[in-house]
Amino acid sequence: MEAYLIAIGIFAGIYLLLALGLNLQFGMTGLINFGHVGFFCIGAYTSALLATNGVPVALSLAAGGFAAMLAAWPLGVVSIRLREDYFAIASLGFSEIVRLVVTSEGWLTKGVQGIPGIPRIFPGVSSQMQSMLMFGLVMVLCLLAILAMRRIVKSPFGRMIEAIRDNEEAVRSLGKEPAGFKMQVLLLGSLLAGVAGGLYAHYIGYISPDQFIPFITFQIWMAIIMGGVGRISGTVAGVIILMTFLEGSRFLRDVAPFIPEVAMASIRLGVIGLALMLFTIYRPQGLMGDYTKR
Amino acid sequence: MTLEIKNMTKAYGGLRVVDDVSITMEDNDIIGVIGPNGAGKSTLFSLVTGFLDGNSGSVTFQGKELGAASATVRAQAGLVRTFQVPREFSHMTVRENLMAAVPDQLGENLLNTFFRPGQVARQEVESAAKVEETIAFLKLSAVADVPSGSLSGGQKKLLELGRALMTGAKLIMLDEPFAGVNPVLIGELSEKIRELNARGIGFLIIEHDLGALSKLVHKMYVMDRGRLISSGDPAAVLSDPVVREAYIGGGVT
Chain Z
1 MEAYLIAIGI FAGIYLLLAL GLNLQFGMTG LINFGHVGFF CIGAYTSALL ATNGVPVALS
61 LAAGGFAAML AAWPLGVVSI RLREDYFAIA SLGFSEIVRL VVTSEGWLTK GVQGIPGIPR
121 IFPGVSSQMQ SMLMFGLVMV LCLLAILAMR RIVKSPFGRM IEAIRDNEEA VRSLGKEPAG
181 FKMQVLLLGS LLAGVAGGLY AHYIGYISPD QFIPFITFQI WMAIIMGGVG RISGTVAGVI
241 ILMTFLEGSR FLRDVAPFIP EVAMASIRLG VIGLALMLFT IYRPQGLMGD YTKR
Chain H
1 MTLEIKNMTK AYGGLRVVDD VSITMEDNDI IGVIGPNGAG KSTLFSLVTG FLDGNSGSVT
61 FQGKELGAAS ATVRAQAGLV RTFQVPREFS HMTVRENLMA AVPDQLGENL LNTFFRPGQV
121 ARQEVESAAK VEETIAFLKL SAVADVPSGS LSGGQKKLLE LGRALMTGAK LIMLDEPFAG
181 VNPVLIGELS EKIRELNARG IGFLIIEHDL GALSKLVHKM YVMDRGRLIS SGDPAAVLSD
241 PVVREAYIGG GVT
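First to last, the sequence lines map onto chains Z and H.
For reference, each letter of the first sequence is one residue, going 1 to 294 in full-length UniProt numbering.
For reference, each letter of the second sequence is one residue, going 1 to 253 in full-length UniProt numbering.
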């Protein structure tokens, strides 16, 4: 049970890194990014490929984050000036392209077979110790990300992205160019997603293209919507809610053992979908939403 | 000459919403633009401030042809507009709205935010002092910490004027500053515009409240169906039979 909880904690931390990036992009800036998983995927593959070819893990993790950020740049150049809903479509397309490239460029990524045997981050320790250390690392990185987000929120940069979310044309009328701010936000969120991808790859030890489907992106969206869009505490709460539903519904099997495994997977999705609907109806600002505004 | 709009034209298909309009403005002028709804006044504003591209015509501001300069670049040059429907940053307080308008903020760069926090903080203190002056000048102290989305229509107009001031604008284009504003506040707003004008800021104003506008402006232009149909001294313009025919329909309010 303890090992199980630690495993969930690690996944929650990885989700939290993803969610903090998306919250910066959508919650604070209004950038509708439907392709978040693409950067997660780039981070995971970059770090996994480098590490399996002998690059030290610390370096490969950093490279994963950097590669994801680098990949966000051309996407930003071609699409950041699009209206927000069109950017959503472009970013969704981007993440699917990433997945298809990873699937078909077998010489590099081993295609659908995936990459097995990705080195652990902490070599030469017992698997229990590995998990403990991993949990600690993920939590430290989450804490750093949260502190960075807090600094951003309180800065003139944070004020300007909030202004962009409220009214982009008014921002331009004041002589400020929204595109530059949105680009920085896109890059930073992608860096976080890339690092999260690297952690994920090294933790589970095997990655394949079917782990990076758009559904991951939408799980992150659900988390920040349920928790409270635009608020750091909301992002944390949202990830906890999401993990509770994802994992909690596993235990439904203990209560109802007659339900087959396949049906169970669908029921879990259904439960999360229902929760999302109830949230948008009864708590549209999310659990930690700001009730003084709006 | 502060602003020279020359032969500005904008057409959607065959419909010329702004048709060969030329307006010149000297330093420190307060100029009014009037005309019935749909005359093309707001479109003209968008063309001049770079929010729309014209089909032909040119804008020269302080001796420089603006060409295809973006809205952002034009605003940086000191040519700042407000909007007919106020576009306040509704989730932000009045104070935050004004802070956001301060030009050249170090802290708007992420690297400075993380690596030069001291300098950023110092600049914030300076900006905050300027914002306080503007808040006092526009008498917005009572609502300074209120989310701007919950302000009254008149207060939002004041806030937009305040934001324009914070940018260091040299020419402010106001789109219907008196619409939906109570008569007392209209008087105050006019007074503020005169005061700012005395400090060297030019104003180009679209307005339907002809009574208040004619007391404020030095010169008035009248648009109808995209074209300029009259211009000159406010009193002369308002008694011009062509203008009365097109716009006023007989009686001046």
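These are calculated hints, taken from the structure and not from any lab test.
Just so it is clear, the structure is predicted and the values come from calculations on it, not from any experiment.
Treat the hints with care, as some may be off.
Some but not every residue of chain H turned toward chain Z, in silico, with C-beta under 10 Å [to be verified]:
1) 4
2) 11
3) 12
4) 80
5) 86
Far from chain Z, by Cβ distances over 10 Å, these chain H residues were calculated [stated by the list, open to error]:
6) 108
7) 110
8) 124
9) 183
Here a beta-carbon is modelled for each residue, glycine too, at the ideal position from N, C-alpha and C.
Exercise for the section: State the violated hints by number, sorted upward, taking the hints as numbered earlier in the document. Expected result: Of the numbered hints, 1, 2, 3, 6, 7 and 8 do not hold.
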